[in-house]
Amino acid sequence: MTAPILAVLALLQFDTVPKPKPLLAVGEALLINLFVNRVDAWAFNQDWAHTGPKYWAKNLRLGWEWDEDAFPTNMFAHPYHGGLYFNAGRSNGLGYFESVPIAFMGSWTWEYLGETYRPSLNDWFMTSFGGITLGEMFHRVGATIRDNRARGFDRTWRELAALPIDPIGGFNRLIRGQWKATGPNPAEHDPGAYVLRVGGGIRFARRLAADTGFWSMGTVLVDLLYGDQVGQEYRAPFDVFSLRLLVTSQGINALRGSGRLYATNLNSPAGRNRHMLALNQRYDFIKNPSQSVGGQSVEIGINSRWLFGSKGFGIRTALFGDGIILGAIDAPGTGFGERHYDFGPGLGARWEVALEKHGVRFLRLFSQLEWIHAVSGASADHVVDFGGIEGALPITRRLGLAASSTIFGRVSNYTDGRPRDRREYPEARLLLVWTKAGFVPGQR
Amino acid sequence: MKRVLWLLALGLCCGSAAVAQEPAPTAPIPRPKRHRSGLWGELGSGPGYVRVACSDCTDVIGASGATSYLRIGGVISRNVVIGVEIFSLLDQTFGFASQDSNAVAETGTATITLLWYPGKSGLFFKGGVGAAFGEFSVPSDSTNVGTDTTSSGGGIGMTFGLGYDFPISRKFAITANAAAFVTALGDVVLPGHNVDDVIATVYQLSIGFTIR
Chain A
5 MTAPILAVLA LLQFDTVPKP KPLLAVGEAL LINLFVNRVD AWAFNQDWAH TGPKYWAKNL
65 RLGWEWDEDA FPTNMFAHPY HGGLYFNAGR SNGLGYFESV PIAFMGSWTW EYLGETYRPS
125 LNDWFMTSFG GITLGEMFHR VGATIRDNRA RGFDRTWREL AALPIDPIGG FNRLIRGQWK
185 ATGPNPAEHD PGAYVLRVGG GIRFARRLAA DTGFWSMGTV LVDLLYGDQV GQEYRAPFDV
245 FSLRLLVTSQ GINALRGSGR LYATNLNSPA GRNRHMLALN QRYDFIKNPS QSVGGQSVEI
305 GINSRWLFGS KGFGIRTALF GDGIILGAID APGTGFGERH YDFGPGLGAR WEVALEKHGV
365 RFLRLFSQLE WIHAVSGASA DHVVDFGGIE GALPITRRLG LAASSTIFGR VSNYTDGRPR
425 DRREYPEARL LLVWTKAGFV PGQR
Chain B
32 MKRVLWLLAL GLCCGSAAVA QEPAPTAPIP RPKRHRSGLW GELGSGPGYV RVACSDCTDV
92 IGASGATSYL RIGGVISRNV VIGVEIFSLL DQTFGFASQD SNAVAETGTA TITLLWYPGK
152 SGLFFKGGVG AAFGEFSVPS DSTNVGTDTT SSGGGIGMTF GLGYDFPISR KFAITANAAA
212 FVTALGDVVL PGHNVDDVIA TVYQLSIGFT IR
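Protein sequence lines, in the order shown, are assigned to chains A and B.
Each number in my numbering corresponds to the 1-based position in the first sequence with 4 added.
Each number in my numbering corresponds to the 1-based position in the second sequence with 31 added.
Calculated from the structure, these hints are not laboratory results.
Quantities reported herein were computed from a predicted structural model and do not represent experimental measurements.
Cβ atoms here follow ideal geometry from the backbone N, Cα and C, with glycine treated the same way.
Hints may be right or wrong, so weigh each one.
As the list claims (entries may be wrong) - Derived list of chain A stretches under chain B, where covered just means 3 residues or more per stretch with a C-beta under 8 Å from a C-beta of chain B:
{"no.": "1", "stretch": "63-69"}
{"no.": "2", "stretch": "330-337"}
As the list claims (entries may be wrong) - Cβ-Cβ distance ranges computed for the label pairs, FRET-style:
{"no.": "3", "chain 1": "A", "residue 1": "W438", "chain 2": "B", "residue 2": "I117", "range": "47 to 55 Å"}
{"no.": "4", "chain 1": "A", "residue 1": "K58", "chain 2": "B", "residue 2": "G105", "range": "42 to 50 Å"}
{"no.": "5", "chain 1": "A", "residue 1": "G204", "chain 2": "B", "residue 2": "I117", "range": "50 to 58 Å"}
{"no.": "6", "chain 1": "B", "residue 1": "S76", "chain 2": "A", "residue 2": "L64", "range": "22 to 30 Å"}
{"no.": "7", "chain 1": "B", "residue 1": "I117", "chain 2": "A", "residue 2": "P430", "range": "43 to 51 Å"}
{"no.": "8", "chain 1": "B", "residue 1": "D87", "chain 2": "A", "residue 2": "W183", "range": "46 to 54 Å"}
{"no.": "9", "chain 1": "A", "residue 1": "L64", "chain 2": "B", "residue 2": "G105", "range": "30 to 38 Å"}
{"no.": "10", "chain 1": "A", "residue 1": "V224", "chain 2": "B", "residue 2": "I143", "range": "32 to 40 Å"}
{"no.": "11", "chain 1": "B", "residue 1": "D87", "chain 2": "A", "residue 2": "W161", "range": "46 to 54 Å"}
Claimed, not checked - Short derived list, chain B residues pointing at chain A, Cβ under 8 Å:
{"no.": "12", "residue": "R82"}
{"no.": "13", "residue": "A84"}
{"no.": "14", "residue": "S86"}
{"no.": "15", "residue": "V91"}
{"no.": "16", "residue": "V160"}
{"no.": "17", "residue": "G186"}
{"no.": "18", "residue": "I187"}
{"no.": "19", "residue": "V213"}
{"no.": "20", "residue": "A215"}
{"no.": "21", "residue": "L216"}
{"no.": "22", "residue": "D218"}
{"no.": "23", "residue": "P222"}
{"no.": "24", "residue": "D228"}
{"no.": "25", "residue": "I230"}
{"no.": "26", "residue": "T232"}
Go ahead and model the full structure; you've got the sequences and the hints to work with.
This is the structure in structure tokens:
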């Protein structure tokens with residue numbers, strides 16, 4: 005009797021790259037919904053969580069609507085929640101594309117069956133698309149933090165550190181005994197080239213909370229470049245991505261990430277200069293007292309790198325056009341009910357030029373233009389332009405000073421007769437930064 | 032007679048031995064029909080049911096209409112094809128309220144759509160996202176005389192569903208579909224009132240003709 009149990013335990017324990025278990029993934033996604041619903045119903049006694057067949061029938065009959073939740077709830081909390089569904093798939097051995105339906109299914113069942121409210125279309129979009137983008141990034145970051153070869157305290161703190169980023173992956177590893185079992189690491193553990201930059205300092209902003217005056221506040225910045233956009237051949241979705249987190253005393257001010265879904269060489273990989281066509285999936289969340297903008301996008305464009313000299317110096321450029329699947333933006337008079345921002349699809353473009361050494365950028369110029377057509381909220385079209393310059397000056401091998409100056413502009417054109425509204429928000433940052441980078445020698 | 036039987040038995044044995052000694056028959060191994068390769072296109076139509084919801088609406092409005100679609104695309108892998116899908120629903124007796132049931136409603140989507148064939152059969156699942164379009168024409172008065180008031184809007188569209196390919200030759204297939212199309216159109220301006228944040232969800236059953 006004990007032999008089969010031991011065999012199953014052994015299989016679970018040493019199965020570091022689990023075989024695909026789609027039914028288990030679906031079951032876990034549904035269990036996440038059940039768990040969240042029951043915690044809200046029993047522990048917090050939330051009215052909306054006391055759902056049942058009567059509400060399910062109503063929701064199925066009435067169908068989609070737009071909700072009135074706060075911006076951080078819709079644009080950050082829901083995508084993070086969607087990442088749990090997605091990583092139920094990823095941590096059960098499913099690939100990126102195989103995990104996509106899990107995210108959509110998890111969100112759809114929550115919207116129709118998890119709340120008394122009518123299903124929210126914006127939640128379904130944000131949870132599914134945002135969950136896929138954040139989920140895959142978090143899955144890879146979690147795999148990089150964890151180390152299946154580590155032992156003892158080092159092993160435990162790595163597993164604990166990865167837990168908030170990839171809780172479902174961490175939970176599955178715990179019940180499979182993989183928090184202690186040693187073995188080979190998954191491919192996602194080693195991104196090849198990478199740049200991690202963490203900084204702390206002061207942020208100065210004008211018109212941040214009123215039409216006049218300067219504000220200053222402490223700020224923490226985390227930049228991660230996982231893989232090399234032009235130096236690395238395409239292997240799998242999100243084998244290369246960038247992620248930026250900006251935190252101030254007001255909480256998360258920005259979380260932006262872009263990962264490549266597909267890429268192909270436009271010139272010889274053996275050439276000194278490289279050009280790659282890339283299709284990226286993007287997540288944007290920017291929230292501060294004066295600006296709320298974000299959304300889920302897909303972008304296509306060209307990443308290039310020109311090397312000069314023999315010491316690893318080069319220029320990188322990026323030119324991309326994008327389609328916003330669903331964006332959200334605030335402006336005077338926007339929103340509906342208790343919600344103070346609009347939802348809508350859109351189009352945009354961005355470019356950047358950077359000076360680098362071995363993939364570490366020390367001077368960067370960039371600009372981005374996005375148009376959002378509101379389909380829920382005000383009858384309006386919004387245009388956002390965001391651009392600036394960032395520089396980093398090394399002091400020691402890892403420490404340096406970073407400074408940046410940016411301008412966020414927004415124009416809102418209303419079709420219901422209200423006057424056009426234009427705002428500009430200049431901002432500057434001065435940070436002490438710590439940079440750790442890895443590049444693959446000989447990689448061109 | 033006995034000799035004849037012996038000869039017959041010998042002949043049968045030798046014959047069967049000879050057959051057994053022959054190399055394995057070289058009949059071609061049946062290969063799966065390559066319905067999913069290269070460019071493909073599909074055109075179809077069928078009945079649809081649209082359910083329109085809006086902000087501040089206490090109930091939803093439902094109506095039936097005719098739908099049609101066109102899909103054109105290529106192949107990503109053995110089990111996944113990608114294409115552009117253009118879909119529309121037309122309802123000539125639509126009404127946001129009982130008194131304007133002579134309105135004409137047309138909604139449509141243009142989406143990038145993925146079709147996933149999980150097995151060797153013709154069963155597939157579909158998902159896509161893209162742009163949506165809606166147009167509502169309402170007669171200017173109850174006698175239906177005069178110029179119609181037309182309100183149109185664009186927004187975001189999404190589709191998901193499933194279907195089955197019934198191959199009728201190497202190049203052609205009849206395809207049955209069941210799908211939902213979610214179209215978020217924004218505000219619809221009608222005579223006398225606005226309908227805010229319209230979401231039209233179309234459920235469709237259709238038969239299509241696929242060329243691969």
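To see whether the hints hold, each was checked on the structure:
1. 63-69: holds (count 5)
2. 330-337: This one is violated; 1 residues, fewer than the three required, reach chain B with a Cβ under 8 Å.
3. W438/A with I117/B: 47 to 55 Å: At roughly 52 Å between Cβ atoms, I117/B and W438/A fall inside 47 to 55 Å, so the hint holds.
4. K58/A with G105/B: 42 to 50 Å: holds (46 Å)
5. G204/A with I117/B: 50 to 58 Å: Check passed, 51 Å falls within 50 to 58 Å.
6. S76/B with L64/A: 22 to 30 Å: 26 Å Cβ-Cβ, so the 22 to 30 Å window holds.
7. I117/B with P430/A: 43 to 51 Å: Holds, at about 44 Å.
8. D87/B with W183/A: 46 to 54 Å: Given a distance of about 51 Å, which is inside 46 to 54 Å, the answer is holds.
9. L64/A with G105/B: 30 to 38 Å: holds (36 Å)
10. V224/A with I143/B: 32 to 40 Å: holds (38 Å)
11. D87/B with W161/A: 46 to 54 Å: holds (52 Å)
12. R82: holds (5 Å)
13. A84: For A84/B, the interface hint holds, since the closest Cβ of chain A sits about 6 Å away, which is under 8 Å.
14. S86: holds (6 Å)
15. V91: This hint holds: V91/B lies near chain A, its Cβ roughly 5 Å from the closest one there, short of 8 Å.
16. V160: holds (6 Å)
17. G186: Holds, because the Cβ-Cβ distance from G186/B to chain A comes to roughly 4 Å (cut-off 8 Å).
18. I187: For I187/B, the interface hint holds, since the closest Cβ of chain A sits about 4 Å away, which is under 8 Å.
19. V213: holds (6 Å)
20. A215: holds (5 Å)
21. L216: For L216/B, the interface hint holds, since the closest Cβ of chain A sits about 6 Å away, which is under 8 Å.
22. D218: holds (5 Å)
23. P222: For P222/B, the interface hint is violated, since the closest Cβ of chain A sits about 16 Å away, which is over 8 Å.
24. D228: holds (4 Å)
25. I230: holds (5 Å)
26. T232: This hint holds: T232/B lies near chain A, its Cβ roughly 5 Å from the closest one there, short of 8 Å.
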